[in-house]
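Single-letter residue listing:
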Amino acid sequence: MVTAGIDIGSKSVKVVLLKDGQVVARALARTGFTPREAASTAMGAALEMAGLRREDVARTVATGAGRKEIPADGEITEVTASARGMSSILPEVRTLIDVGTEEGRAVKVGEDGRVIDFVVNDKCAAGSGAFTEAMARALEMTLDEFGRISLESERSVPMNAQCAVFAESEVVSLVHSNTPKKDIARAVHDAIASRLVSMVRRIGIEEKVALIGGLALNVGFHAALERSARTTVTIPDHPEYVGALGAALAAAREERPT
Amino acid sequence: MMGDDGASKEFWRWKECNSRFEEVDWRGGKVITAGVDVGSVSSQAVIVVDDRLYAFSSARTGSSSPDSARRAMDWALEGTGMTMQDIQYVIGTGYGRVNVPFADRAITEIACHGRGANYMFGDTVRTVLDMGGQDCKAIHVDDRGKVTQFLMNDKCAAGTGRGMEVFADLLGVSIEDVGDLSLDVDEEPTPVSSTCVVFAKSEATGLLRSGWPKEKVLAAYCSAMAHRVVSLLRRIEVEADFAVTGGIAKNRGITKRLERELGLTILPTTYDTQIAGALGAALFGQTLVQRGKGRKR
Numbered sequence: 129m130v131t132a133g134i135d136i137g138s139k140s141v142k143v144v145l146l147k148d149g150q151v152v153a154r155a156l157a158r159t160g161f162t163p164r165e166a167a168s169t170a171m172g173a174a175l176e177m178a179g180l181r182r183e184d185v186a187r188t189v190a191t192g193a194g195r196k197e198i199p200a201d202g203e204i205t206e207v208t209a210s211a212r213g214m215s216s217i218l219p220e221v222r223t224l225i226d227v228g229t230e231e232g233r234a235v236k237v238g239e240d241g242r243v244i245d246f247v248v249n250d251k252c253a254a255g256s257g258a259f260t261e262a263m264a265r266a267l268e269m270t271l272d273e274f275g276r277i278s279l280e281s282e283r284s285v286p287m288n289a290q291c292a293v294f295a296e297s298e299v300v301s302l303v304h305s306n307t308p309k310k311d312i313a314r315a316v317h318d319a320i321a322s323r324l325v326s327m328v329r330r331i332g333i334e335e336k337v338a339l340i341g342g343l344a345l346n347v348g349f350h351a352a353l354e355r356s357a358r359t360t361v362t363i364p365d366h367p368e369y370v371g372a373l374g375a376a377l378a379a380a381r382e383e384r385p386t
Numbered sequence: 006m007m008g009d010d011g012a013s014k015e016f017w018r019w020k021e022c023n024s025r026f027e028e029v030d031w032r033g034g035k036v037i038t039a040g041v042d043v044g045s046v047s048s049q050a051v052i053v054v055d056d057r058l059y060a061f062s063s064a065r066t067g068s069s070s071p072d073s074a075r076r077a078m079d080w081a082l083e084g085t086g087m088t089m090q091d092i093q094y095v096i097g098t099g100y101g102r103v104n105v106p107f108a109d110r111a112i113t114e115i116a117c118h119g120r121g122a123n124y125m126f127g128d129t130v131r132t133v134l135d136m137g138g139q140d141c142k143a144i145h146v147d148d149r150g151k152v153t154q155f156l157m158n159d160k161c162a163a164g165t166g167r168g169m170e171v172f173a174d175l176l177g178v179s180i181e182d183v184g185d186l187s188l189d190v191d192e193e194p195t196p197v198s199s200t201c202v203v204f205a206k207s208e209a210t211g212l213l214r215s216g217w218p219k220e221k222v223l224a225a226y227c228s229a230m231a232h233r234v235v236s237l238l239r240r241i242e243v244e245a246d247f248a249v250t251g252g253i254a255k256n257r258g259i260t261k262r263l264e265r266e267l268g269l270t271i272l273p274t275t276y277d278t279q280i281a282g283a284l285g286a287a288l289f290g291q292t293l294v295q296r297g298k299g300r301k302r
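Chains as they are written, first to last, in the working numbering: chain A, 129 to 386; chain B, 6 to 302.
Heads up, a few of these hints could be off.
To be verified - Capping the alpha-carbon separation at 25 Å, the derived lysine to any residue pairs in SDA-like fashion look like this:
hint	chain 1	residue 1	chain 2	residue 2
1	B	K160	A	R329
2	A	K139	B	R214
3	A	K236	A	A380
What the hints assert, rightly or not - Partner residues are not named here, just some residues of chain B that face chain A (Cβ under 7 Å, in silico):
hint	residue
4	R65
5	S68
6	Q139
7	M157
8	K160
9	C161
10	A162
11	R167
12	T200
13	C201
These aren't lab readings, by the way, just hints derived from the structure by calculation.
These numbers were taken from a predicted model, which means no experiment stands behind them.
Glycine included, C-beta positions come from ideal geometry on N, C-alpha and C.
Model the full assembly from the supplied sequences, consistent with the hints where possible.
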């Protein structure tokens, strides 16, 4: 049986296709302002990759902030989807941190991917990927460069601003005062990580800790998170697809939508 | 990201200014003091002669606080014939107040805003809302402008001038026109739902895409901002008379909505609302010199 999981994030749509419990394709498209179209694009790409047709897909489950905007056979929350997806990859993970463009989440995961507790921040950009994007732009760097260069820094420069908008002015002042870009990049990643960790502490940090979502692709943020949480943080392969994988697994189990 | 393309014109950039009241004869003055307010976004310098406002300037804060303070002070002095030697006492205030090299003393901006508002709006003002570039303060004052209570948000750009600048840029509307344009709607739209300015910006981009005209998007943002500020104000309770200072006091899109939501009229003033802090600082200087502090004339 073939099932599909579609994760409609604020920035990108992720699709995972499962055939008899095995991942046969992953695809991603930018959400833009038409999530429906983006979902269809990503789905088309995934089907092509797997050599399948749309009618081969038995069930589709949607998740993510925009899950209500696309047609699907069922929908589950991001929290449930990510916990389920994670437990199929690394069942020993107990604290799951998921950071996307406009949201930061932490889920306390029990055995079999059960959700014990969770916290979400979707109100403030300071603990989300939008913060790194704005800062990378202020420094005129790509996100990739911005993450990598921060690893070269050996100095921790304090950031006073908590707000992403105020931090942008602070970054500009740091540039004017000739602070090296690598140190600014580290300061930005440390600031997001510390905001996030103080939120995660509300549900407790229990090992093993894993990081997923778009920010998991940023090596600078990963290092900052480990510093701030004072523990090893594991990143699974394809960390941005974990939610979509969880949705595809839910579709395979033919569970009632939650 | 949207809105950053081709942004060669800086819509957020508000007009810098300086001005003086010629009817004040400083040469015959007994006590001359200055206040310099180095804020995170703008810097002001005010010169007071015998308890009367004489001259002021308002300029963008640069990357260095000392340079911004110097620039504002020089600009306030411009055309007056006065030099720093004539000024007996200088007080620094605002977020960069400890970085005013020529100041004799620093006083917090809360105290200065209370004192400045008392001068600008009169003895009856009891609640002062200062809406600055990177913060928002609700202050209670007594009939002499002394602060009795205050609350402040300086952690988040929602409800600050900086947030408004971001929107001016996004919509390509000059910051001076944002407020009036936001009132140009037949009916008030649903307020923008995101608190965070970064997220509100993406939300607004989506609204524009879905065909909302600029004025409707601005109305949705201004009404969300006014609502947010009112919730801050309610925490200290608004006691009449009510005054608004800072740059946002010049934005009718916000002041009208504040009045509507609070059911109160905002006290009018002929003074530039951005100088309240620096003016209060200069007035504190007057008191100190009258008590024997500072240089002799």
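Review point. Given Q139(B) as an interface hint, is the shortest Cβ-Cβ distance to chain A below 7 Å?
Key: 6 Å, holds
Point to revise | Given hint R214(B) paired with K139(A) - CA-CA distance at most 25 Å | key: Given that 25 Å is the threshold and the Cα spacing comes to 16 Å, the pair holds.
**Study point:** Restraint satisfaction for A162(B) [CB to CB of chain A, less than 7 Å]
**Key:** 4 Å, holds
Review point. Does the structure keep K160(B) and R329(A) at a Cα separation of 25 Å or less?
Key: 21 Å, holds
Check your understanding: Going by Cβ atoms only, is K160(B) closer than 7 Å to chain A?
Key -> Since the shortest Cβ distance to chain A is 5 Å, the answer is holds.
**Study point:** Interface restraint verdict for M157(B) against chain A (beta-carbon cut-off 7 Å)
**Key:** Result: violated, 14 Å to nearest chain A Cβ.
**Study point:** 25 Å Cα cutoff - pair K236(A), A380(A)
**Key:** 23 Å, holds
Review point. Regarding the hint that C161(B) lies at the interface with chain A, is the smallest CB-CB distance below 7 Å?
Key: This interface hint holds because 5 Å falls under the 7 Å limit.
Review point. Going by Cβ atoms only, is R167(B) closer than 7 Å to chain A?
Key: 6 Å, holds
Point to revise | Hint status (Cβ of C201(B) to nearest Cβ of chain A, threshold 7 Å) | key: 5 Å, holds
Check your understanding: Measuring from the C-beta of S68(B) to each C-beta in chain A, is the shortest one below 7 Å?
Key -> 4 Å, holds
**Study point:** Given hint T200(B) near chain A, where the shortest CB pair must fall under 7 Å
**Key:** At 5 Å from the nearest chain A Cβ, T200(B) passes the 7 Å test, so the hint holds.
Checked against the numbered hints given earlier, the structure breaks hints 4, 7 and satisfies all the rest.
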